[in-house]
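Each protein sequence line maps, in turn, to chains A and B. 13 is the number that my numbering gives to position 13 of the first sequence; each next residue is one higher, with no gaps. 157 is the number that my numbering gives to position 157 of the second sequence; each next residue is one higher, with no gaps.
Read the hints as simulated data drawn from the structure, not as lab findings. Among the hints, a few may not be true.
Same chains, same label: a pair holds when it works inside one copy or across any pair of copies.
Unchecked claim - Derived pair list, reagent style EDC-like, types lysine to aspartate or glutamate, alpha-carbon separation capped at 16 angstroms:
no.: 1; residue 1: Lys128; residue 2: Asp215
no.: 2; residue 1: Lys273; residue 2: Asp223
no.: 3; residue 1: Lys2; residue 2: Glu262
no.: 4; residue 1: Lys128; residue 2: Asp276
no.: 5; residue 1: Lys273; residue 2: Glu52
no.: 6; residue 1: Lys273; residue 2: Glu204
no.: 7; residue 1: Lys2; residue 2: Glu65
no.: 8; residue 1: Lys128; residue 2: Asp223
no.: 9; residue 1: Lys273; residue 2: Asp113
2 protein chains.
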Amino acid sequence: MKIETLTIVGVGLIGGSIGLAARSRRLAARVLGVGRRQETLDQARALGALDETCLDLAQAVRQAEVAVFCTPVDQIARQVIETASGCAAGTLLTDAGSTKAAIVRAVEGRLPDGVAFVGSHPLAGSEKRGPEHARADLFEGRLTVVTPGETTPAPAVALAESFWQALGCEVRRMSPEEHDEALALTSHLPHLVAAALAGILPPESAGLTATGFRDTTRIAAGDPALWKAIFLQNRVPVLAALRKFRDRLDRFRNALDADDGEALDRLLSQAKKVRDALGN
Amino acid sequence: MKIETLTIVGVGLIGGSIGLAARSRRLAARVLGVGRRQETLDQARALGALDETCLDLAQAVRQAEVAVFCTPVDQIARQVIETASGCAAGTLLTDAGSTKAAIVRAVEGRLPDGVAFVGSHPLAGSEKRGPEHARADLFEGRLTVVTPGETTPAPAVALAESFWQALGCEVRRMSPEEHDEALALTSHLPHLVAAALAGILPPESAGLTATGFRDTTRIAAGDPALWKAIFLQNRVPVLAALRKFRDRLDRFRNALDADDGEALDRLLSQAKKVRDALGN
Numbered sequence: 001m002k003i004e005t006l007t008i009v010g011v012g013l014i015g016g017s018i019g020l021a022a023r024s025r026r027l028a029a030r031v032l033g034v035g036r037r038q039e040t041l042d043q044a045r046a047l048g049a050l051d052e053t054c055l056d057l058a059q060a061v062r063q064a065e066v067a068v069f070c071t072p073v074d075q076i077a078r079q080v081i082e083t084a085s086g087c088a089a090g091t092l093l094t095d096a097g098s099t100k101a102a103i104v105r106a107v108e109g110r111l112p113d114g115v116a117f118v119g120s121h122p123l124a125g126s127e128k129r130g131p132e133h134a135r136a137d138l139f140e141g142r143l144t145v146v147t148p149g150e151t152t153p154a155p156a157v158a159l160a161e162s163f164w165q166a167l168g169c170e171v172r173r174m175s176p177e178e179h180d181e182a183l184a185l186t187s188h189l190p191h192l193v194a195a196a197l198a199g200i201l202p203p204e205s206a207g208l209t210a211t212g213f214r215d216t217t218r219i220a221a222g223d224p225a226l227w228k229a230i231f232l233q234n235r236v237p238v239l240a241a242l243r244k245f246r247d248r249l250d251r252f253r254n255a256l257d258a259d260d261g262e263a264l265d266r267l268l269s270q271a272k273k274v275r276d277a278l279g280n
Numbered sequence: 001m002k003i004e005t006l007t008i009v010g011v012g013l014i015g016g017s018i019g020l021a022a023r024s025r026r027l028a029a030r031v032l033g034v035g036r037r038q039e040t041l042d043q044a045r046a047l048g049a050l051d052e053t054c055l056d057l058a059q060a061v062r063q064a065e066v067a068v069f070c071t072p073v074d075q076i077a078r079q080v081i082e083t084a085s086g087c088a089a090g091t092l093l094t095d096a097g098s099t100k101a102a103i104v105r106a107v108e109g110r111l112p113d114g115v116a117f118v119g120s121h122p123l124a125g126s127e128k129r130g131p132e133h134a135r136a137d138l139f140e141g142r143l144t145v146v147t148p149g150e151t152t153p154a155p156a157v158a159l160a161e162s163f164w165q166a167l168g169c170e171v172r173r174m175s176p177e178e179h180d181e182a183l184a185l186t187s188h189l190p191h192l193v194a195a196a197l198a199g200i201l202p203p204e205s206a207g208l209t210a211t212g213f214r215d216t217t218r219i220a221a222g223d224p225a226l227w228k229a230i231f232l233q234n235r236v237p238v239l240a241a242l243r244k245f246r247d248r249l250d251r252f253r254n255a256l257d258a259d260d261g262e263a264l265d266r267l268l269s270q271a272k273k274v275r276d277a278l279g280n
């Protein structure tokens, strides 16, 4: 795979890492970064993530053979629709958003002929932000979920999959709804839980936290605006995951209430088995 | 501080790390490890955590100037009471258990004259077990909470504090009940939450987890028997912490139900502020 111009919309941790990976793997003749702040773009270029920078979204996407939108999930669909009209036939638009159904459905049927959008979600990232945290190997061995809609052209889906594979990812295809339901539990609920736990820490107990509290709440340091948008776009699946979690908490509470060591042991042993199977 | 014989009861991650730290800091002329399995003791000695090993608990504690109990929390009080009768006047017994009130109250008034027990909890550890994970620097810069009862002699408390400081710890004095209430929230609740989250992961979604899920559930890999004992010993404070956590989850649920972005933003921003203040 060799792309003439790869446009990266939003050059933070994810966008910057795509740029670093694409340049180190010589995936594109030119990596063009677009964003709202010249300073961030300059920083990303200085770090080696971009060849060129641009402040005009439509102009940057128009030049792309492949454009990847790494902006907050509540901006992606609008940006895709607004910029697609200027694109040449054959252009592939994709994204890195953590929710998929709202984006894919909003874009569906609103693109010019020959321009395709293929929703994608690379399962990589961290609680950190900004191109200074970008890494060329962020995607190596990670999974990218590719979520075509019913009308997404098959060649565009294949191209999107090749793009993420070329960055080092493994690829898995799911419907946008399947993705959102699974990620509500594997990603969005953990964020909610971490934030709820961090949120109830009394200030005077901060010194009494150790690695357990710190690991369990680490992702609560993520950007509130980004996560608010994710929660709102994936409300219903997140509420369902939260119900499931509260039911499990009830089982722990009932075991504690009843001083039932056997029930606690069963719950803890089952959880350990699941966690052990995940590895580090 | 120079101890003639330091006896370590239970030579796993914590006991082994105490041995490594004591030996590398030349805190004791002799570090004697006691446990139930010769194989584990031999392993700990081979790793440099012990000078000598012993399978007889009473005999090992009898030789101690300082003995530290690193056994599961539901065994500590019984072991302390059983072994104290053989100790010389001036012997200091301490422990590393994650709960304090049940242990301190059970021991209180049941020791021979001149033998003191000072409850302690070094806030260090991990989900791993066994002397092979012990580290000489496990306690460096970490906090140990020392929890005297009303009748604990002041010189023994001071000696216990010196002991933990000599291992590299900072020391903070709290009542056993204060400790248990605070740790219910900063340590025991996170374990329960991590286990509840790991426990509801559908097997088919394991591949869709990334660092967020893994960080948040890491401690769920801890030993179920150890944690069952901790939960049962600290039931009431853990139930109170769980209520507080569920109330916070309710606020997230209500915000999601109402599609209330501002409320979500407030909750997430407050959590981020708390988490940012903790550092890594």
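Worksheet item: Under a CA distance limit of 16 angstroms, which applies to Lys128 and Asp276: within one copy, between copies, both, or neither?
Response: between (26 angstroms within a copy, 11 angstroms between copies)
Discussion item. At most 16 angstroms between alpha carbons: which applies to Lys273 and Asp113, within, between, both or neither?
Written reply: neither (50 angstroms within a copy, 47 angstroms between copies)
Worksheet item: Given identical chains, is Lys2 near Glu262, meaning Cα to Cα at most 16 angstroms, within a copy, between copies, both, or neither?
Response: Classified as neither: same-chain Cα gap 59 angstroms, cross-chain 44 angstroms, threshold 16 angstroms.
Worksheet entry | Intra- versus inter-copy proximity for Asp223 and Lys128 (alpha-carbon distance at most 16 angstroms) | within (8 angstroms within a copy, 31 angstroms between copies)
Worksheet item: Are the CA atoms of Lys273 and Glu204 at most 16 angstroms apart within a copy, between copies, both, or neither?
Response: Between copies only: 15 angstroms across, 34 angstroms inside.
Practice prompt. Tell me, please, which holds for Lys128 and Asp215 at an alpha-carbon limit of 16 angstroms: within, between, both or neither?
Written response: Cα proximity of Lys128 and Asp215: in one copy and across copies (15 angstroms, 14 angstroms).
Fill in: Homomeric proximity label, Lys273 with Asp223: Cα distance no greater than 16 angstroms
between (31 angstroms within a copy, 10 angstroms between copies)
Discussion item. With identical chains, the pair Lys273 and Glu52 could be close in the same copy or across copies; at 16 angstroms between alpha carbons, which is it: within, between, both, or neither?
Written reply: Neither way: Lys273 and Glu52 sit 48 angstroms apart in one copy and 35 angstroms across, limit 16 angstroms.
Discussion item. Please sort Lys2 with Glu65 into within, between, both or neither, judging by C-alpha distance up to 16 angstroms.
Written reply: The answer is within: 10 angstroms in one copy meets 16 angstroms, while 72 angstroms across copies does not.
Consistency with the previously given hints fails for numbers 3, 5, 9, ordered from lowest to highest.
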